[in-house]
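Chains as they are written, first to last, in the numbering used here: chain A, 1 to 397; chain B, 1 to 53.
Check the hints yourself; a few may be wrong.
Straight-line alpha carbon distances no greater than 25 Å define the calculated DSS-like cross-link-like pairs of lysine-lysine that follow [claimed, not checked]: (1) K331/A x K46/B; (2) K113/A x K46/B; (3) K393/A x K328/A; (4) K207/A x K46/B; (5) K246/A x K395/A; (6) K129/A x K108/A; (7) K331/A x K381/A; (8) K23/B x K328/A; (9) K214/A x K129/A; (10) K333/A x K351/A; (11) K23/B x K207/A; (12) K243/A x K2/B; (13) K2/B x K207/A; (14) K23/B x K351/A; (15) K53/B x K106/A; (16) K2/B x K108/A; (17) K23/B x K333/A; (18) K23/B x K246/A; (19) K3/B x K106/A; (20) K207/A x K3/B; (21) K23/B x K125/A; (22) K333/A x K46/B; (23) K218/A x K129/A; (24) K53/B x K331/A; (25) K46/B x K106/A; (26) K129/A x K5/A; (27) K72/A x K31/A; (28) K45/A x K5/A; (29) K125/A x K53/B; (30) K328/A x K46/B.
What the hints contain is simulated information worked out from the structure, not anything from laboratory work.
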Amino acid sequence: MSAVKIKEGVYWVGAVDWNVRSFHGHTFNTKRGTTYNSYLIVDEKIALIDSVYAPFSQELLANISEIVPPEKIDYMVVNHVEGDHSGSVPEILKYCPKAKVVGTEKCKTGMYKHYYGNWDWLTVKTGDKINLGKKTLTFVEAPMLHWPDSMFTYIPELELLLPNDAFGQHISSSKRFDDEIDQSELMDEAASYYANILLPFSPMVLKKIDEVVKMGIKISMIAPSHGIIWRKDPMKIINAYVKWAKNETTSKVVIAYETMWKSTELMAKTIGDGVASTGVGVVIADVSEVDKTNVIKEMLDAKGYLIGSATHGNDMLPQISGFLAFLKGMKPKGRIGAAFGSYGWSGGAAKSIEEVLTGAGINIVQPFMQCQFVPDKEELKKLFEYGVEFGKKIKNG
Amino acid sequence: MKKYLCTVCGYIYDPAIGDPDGKIAPGTPFEQIPDGWVCPQCGVTKEMFEEVK
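So here's chain A without its partners, still in its complex pose:
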């Protein structure tokens, strides 16, 4: 994809990764691929904001060359040390070895621990500026959005915010802007991104948005490091982030489970019928079959979590165990939960699930429900009632 002008003197020069389907190792399924966004700021001096994942460095260089020779870059700004953005910095610096590399103090040590380069580093803190001529780069440290080294770059003359990973979405497209793509796909990916990556840092998100609002800076465009650029409606994503960061939920329950011979699945569906009969929305997912990234996304705005597993080795099954470990790391707040499952003889799974959920800060609101082997008519009635009871707790807030 070629360079695209996004504002006067500012160009998207990044790369589109159409085929990637696993991100951050295998912790995020990028079902729509992604992009690595890099921005070239052309003024009396020239700055490059972030680079791209290393395998795409030649595309970055080709895009920069459409606008200026890469040798002319004066500043290599590193908003974030992670490889999907910093990966091509060493390659870029081969062309402009005298360029200053700009970032936070933690970014400096982090970049050394990635690439072991000997670079001319300029450490910046919140409020520091670099004058490029008509445009000024202003920096805002943003620790834990989403790493300790992270920062935002802001260009006040253009009302342009370059927040690196914040406000991003994993979407590969030939389109660069929010108004050019399907809005429901866009918000679906933005929500998935928030739920699977940023949710644990929600207190930092609220503080940072508050800080930026108090700075009184005008933002007419947000250009993140993944996905489309918010030019028509940047408030749309800011408002969504405030909602998600406050852990606002709807009348909805996610029932996630792992089953061995479909008894736990039958329990999940029966409980689900009970919940649905109260008018509360239900999403049911066998985590060993479906896209776990999407299940976490559904859990973002769900008040209730019902987790089920058959018993194996006196404990829960390994895929739901791994799924719950990931969920715990996302630190959802203000949720209620309960456990269930089918067992053969010792039945340790449901108790174990309760312990994990409690450790994750999820409030267990009714004791676990288990059945031996295949539930009979009586047990199916009880399972339905179990769902009704849980659904009522969602409705009564």
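Here the structure of chain A is known, so what remains is to put chain B in place on it, guided by the hints.
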């Protein structure tokens, strides 16, 4: 009672508030927090904290 700063992520431990989610009651001085406690923001241990002067 002194506040303590997490040098990794910037979180401030304020003894007046404690860390109720992390089972540290308000009024607990930093020195009395058990060793197993971690920064609620980024998960690092007490060693990464320094006193706010």
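To see whether the hints hold, each was checked on the structure:
Distance restraint check for K331/A and K46/B: the Cα-Cα separation of roughly 20 Å lies within the 25 Å cut-off, and the hinted pair is therefore satisfied. For the hint pairing K113/A with K46/B, the CA-to-CA distance comes to about 23 Å; that is within 25 Å, so the pair holds. For the given pair, K393/A sits about 22 Å from K328/A by alpha-carbon distance, which is consistent with the 25 Å threshold. For the hint linking K207/A to K46/B, the alpha-carbon distance of about 23 Å falls within 25 Å, and the restraint holds.
Distance check on the hinted pair: K246/A and K395/A sit about 19 Å apart at the alpha-carbon level, within 25 Å; holds. With a CA separation close to 17 Å, the supplied pair K129/A and K108/A stays within the 25 Å bound. Between K331/A and K381/A, the direct Cα distance comes to roughly 34 Å. Violation of the 25 Å bound is thereby established for this hinted pair. At most 25 Å may separate the alpha-carbon atoms for a hinted pair to count; K23/B and K328/A meet this at roughly 17 Å.
For the hint linking K214/A to K129/A, the alpha-carbon distance of about 18 Å falls within 25 Å, and the restraint holds. Between K333/A and K351/A the CA atoms are separated by roughly 21 Å; this keeps the pair inside 25 Å, and the hint holds. The straight-line distance between the Cα atoms of K23/B and K207/A is roughly 23 Å, inside the 25 Å bound, and the hint therefore holds. For the given pair, K243/A sits about 34 Å from K2/B by alpha-carbon distance, which is inconsistent with the 25 Å threshold.
Simply put, K2/B and K207/A have alpha-carbon atoms about 23 Å apart, close enough for the 25 Å limit, and the pair holds. About 22 Å separates the Cα atoms of K23/B and K351/A, which keeps this hinted pair within 25 Å; it holds. A C-alpha spacing of about 21 Å is found between K53/B and K106/A, which places the hinted pair at or below 25 Å, so the restraint holds. Under the criterion of a C-alpha separation no larger than 25 Å, the hint pairing K2/B with K108/A is inconsistent with the structure, at around 30 Å.
For the hint linking K23/B to K333/A, the alpha-carbon distance of about 16 Å falls within 25 Å, and the restraint holds. Under the criterion of a C-alpha separation no larger than 25 Å, the hint pairing K23/B with K246/A is consistent with the structure, at around 22 Å. For the given pair, K3/B sits about 22 Å from K106/A by alpha-carbon distance, which is consistent with the 25 Å threshold. Distance check on the hinted pair: K207/A and K3/B sit about 19 Å apart at the alpha-carbon level, within 25 Å; holds.
For a cut-off of 25 Å, the pair hint linking K23/B to K125/A is broken: about 33 Å separates their Cα positions. The suggested pairing of K333/A with K46/B holds, with an alpha-carbon distance near 24 Å, which does not exceed 25 Å. With a CA separation close to 17 Å, the supplied pair K218/A and K129/A stays within the 25 Å bound. Note on K53/B and K331/A: the hinted pairing is violated, with a Cα-Cα distance of about 31 Å set against a maximum of 25 Å.
At most 25 Å may separate the alpha-carbon atoms for a hinted pair to count; K46/B and K106/A meet this at roughly 19 Å. Among the hinted pairs, K129/A with K5/A is consistent with the structure: their alpha-carbon atoms are about 23 Å apart, no more than 25 Å. A threshold of 25 Å between alpha carbons decides the hint, and for K72/A with K31/A the separation of about 37 Å lies outside it, so the pair is violated. Straight-line distance between C-alpha atoms of K45/A and K5/A comes to about 17 Å, which keeps the hinted pair within the 25 Å bound.
A threshold of 25 Å between alpha carbons decides the hint, and for K125/A with K53/B the separation of about 20 Å falls inside it, so the pair holds. For the suggested pair K328/A and K46/B, the alpha carbons sit about 21 Å apart, so the restraint of at most 25 Å is met.
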